[in-house]
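Q: As they're listed, the protein sequences go chains A, B and C.
My numbering puts the first sequence at residues 1 to 699.
My numbering puts the second sequence at residues 1 to 226.
My numbering puts the third sequence at residues 1 to 255.
Please note that the accuracy of each hint is not assured.
[As the list claims (entries may be wrong)] The calculated BS3-like cross-link candidates involving lysine-lysine, where the alpha carbons are at most 27 Å apart (straight line), are:
| hint | chain 1 | residue 1 | chain 2 | residue 2 |
| --- | --- | --- | --- | --- |
| 1 | C | K123 | A | K267 |
| 2 | B | K58 | A | K184 |
| 3 | A | K614 | C | K239 |
Think of the hints as simulated: they come from the structure by calculation, not from any bench.
Just so you know, these numbers come straight off a predicted model, no measurement behind them.
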Amino acid sequence: MLFKLSIKNMTKSIKDYAIYFLTLVLGVAIFYMFNSLDSQQAMLEVSQSTRSIIELMIGMLGFVSVFVSVVLGLLIVYANNFLINRRKKEFGIYMTLGMGKRQISKIILLETILVGIISLGIGLVIGIFSSQFMSILVAKLFEADMSEFHFVFSKEACIKTCIYFAVMYLAVMIFNTMTISRYKLINLLNATKKNEKVKMKNPFLAVLVFIFGSSILGYAYWKVTGDVGSMNTAEKILPPILMGIVGTVLIFWSLSGFIITVIQKMKNIYFKDTNMFVLRQINNKINTMVASMSVICLMLFMTISILSSSLALRNTMQRELVEMTPVDLNLYKTANLPESYMKYGVEHKITNEKQREDSKHPIYETLINNGLDMNVLKDIVEIEVYATNNLTWETFFGDSLNEVKEKFPGLAYGTAEEIVKISDYNKMAKLYGINEYELNEDEYIVLCDFDSQTELRNKVLAKGNYPLTIAGKEYKSKYNKCQEGFIMMSTSHTNLGIILVPDSCPLTEEMKEMYLLSANYNAETEEEKKEIEKNFAGNQNSSNLIKSLNDNGIELDGFTKISLMEASVGIATIVTFIAIYLGIIFLIASSAILALKQLTDSSDNKQRYTILRKIGCDEKMINKALFRQIGIFFGMPLILAIIHSIFGIQFAITIMSGLASKDDLLPSIIATVVIIGVIYGSYFLATYFEGKNIIKEEE
Amino acid sequence: MEILRVKDLCKFYGKNETLVKALDGVSFSVNKGEFVAVVGASGSGKSTLLHILGGVDKPSSGKVYVDNQDVFKLNESNLAVFRRRQVGLIYQFYNLIPILNVEENITLPLLLDGRKPDETYLNELIDTLGLRSRVKHLPNELSGGQQQRVSIGRALMNRPAVLLADEPTGNLDSKASKEIIELLKLSNKKYEQTIIMITHDQNLALNADRIITIDDGKIVSDKKVR
Amino acid sequence: MEKILEVKNIEKYYGNKSNLTKAIDNISFDVAKGEFVGIMGASGSGKTTLLNCISTIDRVTAGNIVINNEDITKIRGNKLNKFRREELGFIFQDFNLLDTLTCYENIALALTIQKVNAKEIDKKISEIADKLDIKDILKKYPYQVSGGQKQRVASARAIITNPKLILADEPTGALDSKSARQLLENFEYLNQKLQATILMVTHDAFTASYCTRILFIKDGKIFNELIKGNDTRKQFFEKIIEVQTLLGGDLNNVI
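Produce the entire structure from the sequences given, and follow the hints as far as they go.
A: Written as structure tokens, this is what we have:
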């Protein structure tokens, strides 16, 4: 009998359950999609180094999934609680007929299990199909070969989804039983008797609090943008965050009172159509929704910020990657290894004579001597990099050192500056296709492209003709700021500083620190390039020259364009995936809470809209009023979240200096808008249509 | 034979200045087979009394004995059993389960008790209530009078010790009201069903054997009509 | 006299073939401008159905209803809504005031949905508030005022649009006798001084005694008609009681 009641209830109240159900299905589908990544076809096709990055990503996604399941679990408990509250009267009737609380718990238990199984089933089916599309996306991101399409099903992800959601439903059941046991029968029966009192806030107080809340937010905004320079430690970010939260709560506490006070003054707007009704509706409801509105707003803020900044991060990384990997190969090795050297106060002896001997020769010779067919390379340029303990970062900053140290105490000020002769640099720059420089006999140039380091160096260079003693000779800076340029490939702008000196600079043999060789592969096609690549990259490859040299005790290291690309794409992709995963979950959570809030108040709504109808409003006016009411409810947290995000994203970009650039924001913001528009928008429309149905229903 | 006894029943809401005495020392007893009407204006406390008699609400003090059982000494689950077996409730707005058809609504209390309905009694009840042609209909497909007849059937299905009716005709037109009152009287005679009916309508109360009048939470008169 | 309302041979059936109820069975009558007409009958007699049909909330099965030369059984959709908004005023037993709006705003709403500008709204409300003695409560919310005051606010809302016809459904049903009396005096004022045409459904003889004419309905038909003429209210009240006795049986509602 109980089972029959459950089933009948479900089919009858399918409309009430629609949004709850939609949320569960979406949650399951997304959970499955992101947890099934490892067994996707694209993953099987990618190269070894990418594979290890993907493993890292899967590990991180697994970790994020735990967090996501907590968010979803809370959401489900919350949504379910709303549904239970709507059915108080029904449970009251059951109890007067002599049903015990345990039996009522059993009915709800059965319903939860039913909804759980059905939503899990449908969600998994949707998730499995959607993950096929995701496969294509992944393949594109990792540049994997997807010429053949296979249907992929991940058993592990499926089981994981089932277990996680089973735990969530279990939490719901426990929570329900607790809720039921708290109920008093008489209150259940009287649940529909409405509370007539309308609590109104003192309009003066509302305006005051609104202004106060806005000021707090304004200050927090300034802290993270205008005054961002003072945000140099992690604790300092806390006060603006707290202010942001407090400000948000205060704004929502006072917003409706503020708006209504202001608009009441504008009689022509207030007394127009159903404006005053809609405003009062919002005013009446928002008072009970301060907490949820604030949570929703902050979740939306996180969604927008996470999505925009991570997408920007990814775009920046990719753009810089192309710029920073102009040739196929960089090889480097230490020059003139001494018999022993000091590291961290400990003396290290180098006993490998072969290695010491090799370090006296350029890389080109090492390659030839070790049997590399030099025909595989072309455009070979080799330069020398010098360094001396007499010219470190410490000496570079000179008199300003203390000032700089105060701001950035953590830097390794003992690091020796890298010195390169101008003709060497120009050879390299020509090959890389970047700017070449000219120097007079008494001048030097500092190249640096890592933003925060550039800023530091510019502080002293700005003094003009900044003097430096290099190899015992006095030089002055040609420019009063750092110039762009680099000698070694990398995934992004990470050149901390290179000092270019005239060829006449008396650099000694002892100061020679490193050889650096750049070259392109002598190949036409990608396949040929990959073939040559095997000489320099790939761990499992016996033909890897670098590895065999290292095994023989000869130190030689290098980067290849291909390996840098793969690593970079991987990191960017991890960030993007996690951001999209979290962003969508936050978005679903906030939309669902809003939708449920709106619909649970629908019985009050219905009564009021019925009165509107009775005093002569036609359906068009009523629907318009409802549309505006729901629209404003969905709009308010979104608008404040957008304002938060304008400042939040700027802050994120600033602290990720060098990693993400403002130029890459626009496309990422567009992508974010599309994602939010689709999910938030569909919840909004679903709520509107369901609300329309509810107020249309006859008694 | 005494089936119901109420002793010094009090129900207070609020505290200090806002204290409302919904019931203030109500005592009476009802014999098996009596048809009692409780009359009072709205706010007199009569609905509170009915809820307490039905084990729906708890009194602030005082006792209720049904069939010599002290109702509020029962624990939560036994109270549910009490409501299931000893009480039949009829409301102004029927309170039928919208998703169950007429027959299912009537048999629900039995099924909740894990018992099989007595087919002969069920059929007799359905015929008496004139619901034969409607057994498979859902409540919203019935008129108000028909819905109230279903709720009477539901209340009688368990042959409860007392049938409690709260303004049973309050939402019905005069013709349907008459039918419902006749059915209550019939069940009173035919099954020796004890009935306590709450109403604000003096004329309706005249159908009962005995009228208890309540005002401000106190019994102001208690007289036999016939 | 100008006819405001003409009801011609209307019928209204409920249910299906096996279970047919005739709620209205061939009713015809006219209401002239400035009349205050009462419709009386026991519950279930069809009087509420009749009012619902006239107020365009319900549709007739047969017959015509003409209000101000417009046959409302022939118009549909938005035109019908516009007609209701502009030509009819409603007063309900349970007030139907919006709990979220102040009394002032509740009255104003009837005008804002007709796109009247704010200045004029203010002028009109202060005029009517004076007449119905609700000036002091305009800033209050419905839950803060008494039932009688609520019903006067509802009356103000009904009259403020200058409707051709005011339809009142048991307006005193939820009021105590003192408030009821005050409301009815307001109705008399609206009727006599402002020439408002009022059609009121009630089962209460005292309430009905304020009307100028009363139609008695039984089993969906007009059973009797009483005209006040030059009678005092007390005399008229006694006549009403007589007819009710004549109607027989159901006297439950005569208090």
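Q: Work down the list of hints and note, for each, if the structure agrees.
A: Verification of the supplied hints:
For the hint pairing K123/C with K267/A, the CA-to-CA distance comes to about 13 Å; that is within 27 Å, so the pair holds. Under the criterion of a C-alpha separation no larger than 27 Å, the hint pairing K58/B with K184/A is consistent with the structure, at around 10 Å. Of the pairs offered as hints, the one joining K614/A and K239/C is violated, with about 34 Å between alpha carbons and a cut-off of 27 Å exceeded.
Hint check: a violation occurs at hint 3 only; the rest are consistent with the structure.
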